[in-house]
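Residue numbers (our numbering), protein chains in the order written: chain V, 1 to 306; chain F, 1 to 252; chain R, 1 to 458.
Hints are not guaranteed to be accurate.
Said to hold, decoys possible - Straight-line Cα separation of at most 25 angstroms, DMTMM-like style, residue types lysine to aspartate or glutamate; simulated pairs:
id: 1; chain 1: V; residue 1: Lys33; chain 2: F; residue 2: Glu41
id: 2; chain 1: F; residue 1: Lys172; chain 2: V; residue 2: Asp190
id: 3; chain 1: F; residue 1: Lys172; chain 2: F; residue 2: Asp108
id: 4; chain 1: R; residue 1: Lys114; chain 2: R; residue 2: Asp94
id: 5; chain 1: R; residue 1: Lys166; chain 2: R; residue 2: Glu145
id: 6; chain 1: F; residue 1: Lys143; chain 2: V; residue 2: Asp279
id: 7; chain 1: F; residue 1: Lys147; chain 2: V; residue 2: Asp279
id: 8; chain 1: V; residue 1: Lys177; chain 2: F; residue 2: Glu41
id: 9; chain 1: R; residue 1: Lys46; chain 2: R; residue 2: Asp369
id: 10; chain 1: F; residue 1: Lys172; chain 2: F; residue 2: Glu193
id: 11; chain 1: V; residue 1: Lys177; chain 2: F; residue 2: Asp131
id: 12; chain 1: V; residue 1: Lys177; chain 2: F; residue 2: Glu113
id: 13; chain 1: V; residue 1: Lys177; chain 2: F; residue 2: Glu193
id: 14; chain 1: V; residue 1: Lys177; chain 2: F; residue 2: Glu144
id: 15; chain 1: F; residue 1: Lys235; chain 2: F; residue 2: Glu93
id: 16; chain 1: V; residue 1: Lys33; chain 2: F; residue 2: Glu144
id: 17; chain 1: F; residue 1: Lys172; chain 2: F; residue 2: Glu101
id: 18; chain 1: R; residue 1: Lys166; chain 2: R; residue 2: Asp104
id: 19; chain 1: V; residue 1: Lys177; chain 2: F; residue 2: Glu93
id: 20; chain 1: V; residue 1: Lys177; chain 2: F; residue 2: Asp108
id: 21; chain 1: F; residue 1: Lys147; chain 2: V; residue 2: Asp190
id: 22; chain 1: V; residue 1: Lys33; chain 2: F; residue 2: Asp108
id: 23; chain 1: R; residue 1: Lys46; chain 2: R; residue 2: Asp175
No lab work stands behind these hints: they were computed from the structure.
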Amino acid sequence: MDQLPQTIINGLTLGSVYALIALGYSMVYGILKLLNFAHGDVYMIGAYIGYAVLVVLVPSTGPLLPIPIIILVMFLFAMVGCSILGVAIERFAYRPLRNAPRIAPLISALWVSFVLQNLIQLTISPRPLSYGSGTLIPVNSGINLGGDLRIHTARVLVIGTTIVMMIALTYFIRSTKWGRAMRAVAMDIDAAAMMGVDVNRVIVVTFIVGSALAGVAGVLVGIVFFSIQHTMGFLAGLKGFTASVVGGIGSIPGAVAGGLLIGMAEAFASVYISVTFKDAVAFLVLVIVLLIRPGGLLGRLLVQKV
Amino acid sequence: MNDQNSQPKIENSQSTPPLLRLTDVNTFYGPIHILQNINLEIYPGELVCLLGGNASGKSTTLKTILGIVTPAGGTVEFQGETVQDQPTSYRIEQGMAVVPENRRIFGDMSVHENLLMGAYLRTDHQQMKQDLERVLELFPRLKERLKQFGSTLSGGEQQMLAMARALMSRPKLLLMDEPSMGLAPILVEQSFEIIQQINREGTSVFMVEQNANMALSIANRGYVLQTGRIVLADKAKNLLNNEQMRHAYLGH
Amino acid sequence: MNKISKSLLVLLLLFTLGAGVASAAAPVFQDGGQEYIVQADDWLSKLADKNYGDVLAWPIIWEATNAKAAEDDSFAVIENPNLIEVGQKLWIPDTGAAEAMMGDRESKAGINIKIGFMGPLTGGAAFLGQEQLNFAKTAVQLFNERTGFNVQVTEGDTEINPDTGKIVAERFIADDSVYAVVGPAGSQVCEATQPVFEAAGMVQITPSCTRISLTDPGTATFFRPVPHDGLQGPTDANYMMNVLGVTSAYLVDDQSSYSTGLTDEVEAALTAAGATVERASVTQQDTDFSSLVTTIVASNPGVVFFPGQISSQLGTLAAQLQEQSYGGTYFLADGGFDISWVDTAGEAAEGTYLSFFAPDPHFVLQARDLTTRYEAQYGDYGAFGGPSALSTNVVLGAIERCFNADNLTRACVVEETAATNLADSVLGIPVSFGAGNQINGGEFFIFQVQDGNFVLVQ
Ligand SMILES: Nc1ncnc2c1ncn2[C@@H]1O[C@H](COP(=O)(O)OP(=O)(O)OP(=O)(O)O)[C@@H](O)[C@H]1O
Ligand SMILES: [Mg+2]
């Protein structure tokens, strides 16, 4: 059987998730020049919030609502919960350190990351939790693409949701007043303030949007890969970060391009080289891209202002 | 010298209360004491300039007025209201606008978007449209370049954009930090004409300038800053004739 | 090790010996008392109140009855003191004997005895380490209630890192109230800590390191009450070829030394029998195997063998194999003996085979006290806790015997652990140690997932 189409489907799924995570990294970096290393754990919390909704709405007696509604509610709660968490992280872990040396918020971020992981480990469970295959989306459902090739409904959901999120985000950033304010703050924080932009509020909105996207990514991963764990944010966060750097950190389309590239690289490496080297290949892509384009695919080299 | 009374005062000939008043303002950058006991006021409709050599604290004075830096002591009043504890956005909302030092236009935004940023706090879309028309009449060069990215404009065009952007908020008080910097003499003259025109249409202007001759020629009054203190304050034509002033700043 | 720490160790050992001799007291045996037949509505605490005027004296009756039962089987054996049945014959010591026993229990409770537990308490394998730790604690709790000792569990987090493991080991060794150590998990950590405990002369008993070389040749202080990979690999390979009749296999390890060791065993056995074998490695952090499955489906092997330990990974691979319509058999090792991956996989789990050295504690009658107590305190559990409780019980038994022989020392605990001879245990299997202190017997069983449960098929 030809493995190419299936590999592309695999890569698109993975890449979509990375892209959603990468966006949060990129947006926060663009605005604050801060690497929000707690972002991967916000994504993890999103997965757990989705799980909580799933447990309530799908008891052992069967789903209480139509499945699409349940999935929507999961997204909604994860987005709201993660937004609140993101805002709290910004308020208490980053804002007090805004004028501190740049290593300080990094350490604070790692601290938040540990706290969130340990919190879940202690209060929920150190064991992986199961969204379950077939709980929401029947295992055999999907779209037949001819021959043996089938794309599972969950993957359609992941890729479709990501596309919708991208379009919505692009519209938000390009064409709304908040989006314009975010871009202004990212370009020149003082100049934006001089136009009357409440910079703190823009930062809060950035964390809300980034965290909500991470929450969606967490729920999607639970649905498409069936299970979640309190440590899941680490590697996913690292991949998302890599994707945002590959795409050009600070750039929105860059984050999407970087996410898809890393996801594809992993999928192709798994199938055509060896599954053992997929992570190595993903990071190799990072190195190669940075050698050729030090600012990332769609980014520009950030010149320190003097 | 530390005595605040050493700052010269000018008689308040006007009966209306000042639009902006700084009283005994002291501003620090870390441990460094930059502004020392600054007192100044601007009355509605005035065009006032702030002169001084490099590093004398002119930009810092504007930043203190805008709330980009917070004074350690003293008060900043705008339209009678104490604002030194309010964020910049609040002061802009109340009617300040600024043409910052080095223009600070948004390079990755189109000219149109830059102008919209100037009107960031406004919600009266109908009048915003009219103001846009008016501003573009004032700066026809910008009209041709509405879709172009800010970073692709020439230095002079960027200066125009910065000024147009500030006007988009319909300010009561326009603060300008060296609007003539880096402009060819012909453009300097043009922009000073525009400033005068803006002022005539009712906007009060507080302008930082190194080009003291030009500035004083259009201003009502002027202050002179030296290492963080106001050493001279007078009507513009008096300053033009002031011996000390001519020697130090006017170059003849 | 340098001279100073060596002499420190000797000093420590001497001190431990001295302390052991000073604090150990002979058990009290007094025969005064009466038989009693359990009536309706009787509880041990009610009987204690009636006979001694003290509801808290109930363990006396429990202990005395079990002691009698050892000599005379007309007496009841009380496994769970909360459950006595009408008609059971109890032994109620008279007040004098009871007071002596209470005094004995009080003096036992005053002795500072600790068991060290080491394992991965944080990080990705934390669920395994925490489950082992909590099962060890529960076993100790039940032991304390039964005997009157006040054994404490002191814990150390190895992070599945050999160097961290060594630091934890040194800490336990330096604490002279620690008499034995349960743990760690991860053969590489066992390997690193084995010589440390050997040098200190302290028992180390692992509930989950299965690499063969740990007990072959082994050391005097290292005990393994679970069977090793040498048994599991051939059992699995044999089942695949001779029962399932497959001729090709795809082996997936998770790069842990457990997983690669076992995969090597299976690969060797399959290759020797002439099967075609392909192999790949994933990591324990992976959450998506779809690309691996694409490769597997392309070569369409008769069986996919994955000795993983993270239940979510086992479930995800099962589901993704089904998603891409893999038609062969999915086969797991002892790490799969954890019902939670079946929840993850849903119907994709059906028909999967797996091997395990002991039954699921959920279904073992002998583990009921333990699992009931565990569940009440910590919630649901997988298959890793049973061996941990077993290990804990083995060293607790040794400690009790040393105490009774008036010789509570680390050296005695080593000897008594080696002499362990249990006819039954919380895993429902007999326990004694053979060459290299490897458990005797220890057979692997093959289970199959049927209707969401593990059903023994061989
Ligand atoms: N952010 C800052 N941190 C520390 N010192 C500063 C900062 N900004 C300005 N200064 C110092 O404060 C002093 C006054 O600076 P300011 O920019 O107000 O001068 P200026 O009068 O506008 O000069 P110029 O004509 O060159 O623009 C200078 O010595 C400058 O080095
Ligand atoms: Mg300046």
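Evaluated hints:
| no. | hint | in the structure |
| --- | --- | --- |
| 1 | V/Lys33 to F/Glu41 | 38 angstroms, violated |
| 2 | F/Lys172 to V/Asp190 | 21 angstroms, holds |
| 3 | F/Lys172 to F/Asp108 | 28 angstroms, violated |
| 4 | R/Lys114 to R/Asp94 | 33 angstroms, violated |
| 5 | R/Lys166 to R/Glu145 | 32 angstroms, violated |
| 6 | F/Lys143 to V/Asp279 | 51 angstroms, violated |
| 7 | F/Lys147 to V/Asp279 | 43 angstroms, violated |
| 8 | V/Lys177 to F/Glu41 | 34 angstroms, violated |
| 9 | R/Lys46 to R/Asp369 | 21 angstroms, holds |
| 10 | F/Lys172 to F/Glu193 | 19 angstroms, holds |
| 11 | V/Lys177 to F/Asp131 | 18 angstroms, holds |
| 12 | V/Lys177 to F/Glu113 | 10 angstroms, holds |
| 13 | V/Lys177 to F/Glu193 | 33 angstroms, violated |
| 14 | V/Lys177 to F/Glu144 | 24 angstroms, holds |
| 15 | F/Lys235 to F/Glu93 | 30 angstroms, violated |
| 16 | V/Lys33 to F/Glu144 | 35 angstroms, violated |
| 17 | F/Lys172 to F/Glu101 | 20 angstroms, holds |
| 18 | R/Lys166 to R/Asp104 | 37 angstroms, violated |
| 19 | V/Lys177 to F/Glu93 | 16 angstroms, holds |
| 20 | V/Lys177 to F/Asp108 | 16 angstroms, holds |
| 21 | F/Lys147 to V/Asp190 | 24 angstroms, holds |
| 22 | V/Lys33 to F/Asp108 | 17 angstroms, holds |
| 23 | R/Lys46 to R/Asp175 | 40 angstroms, violated |
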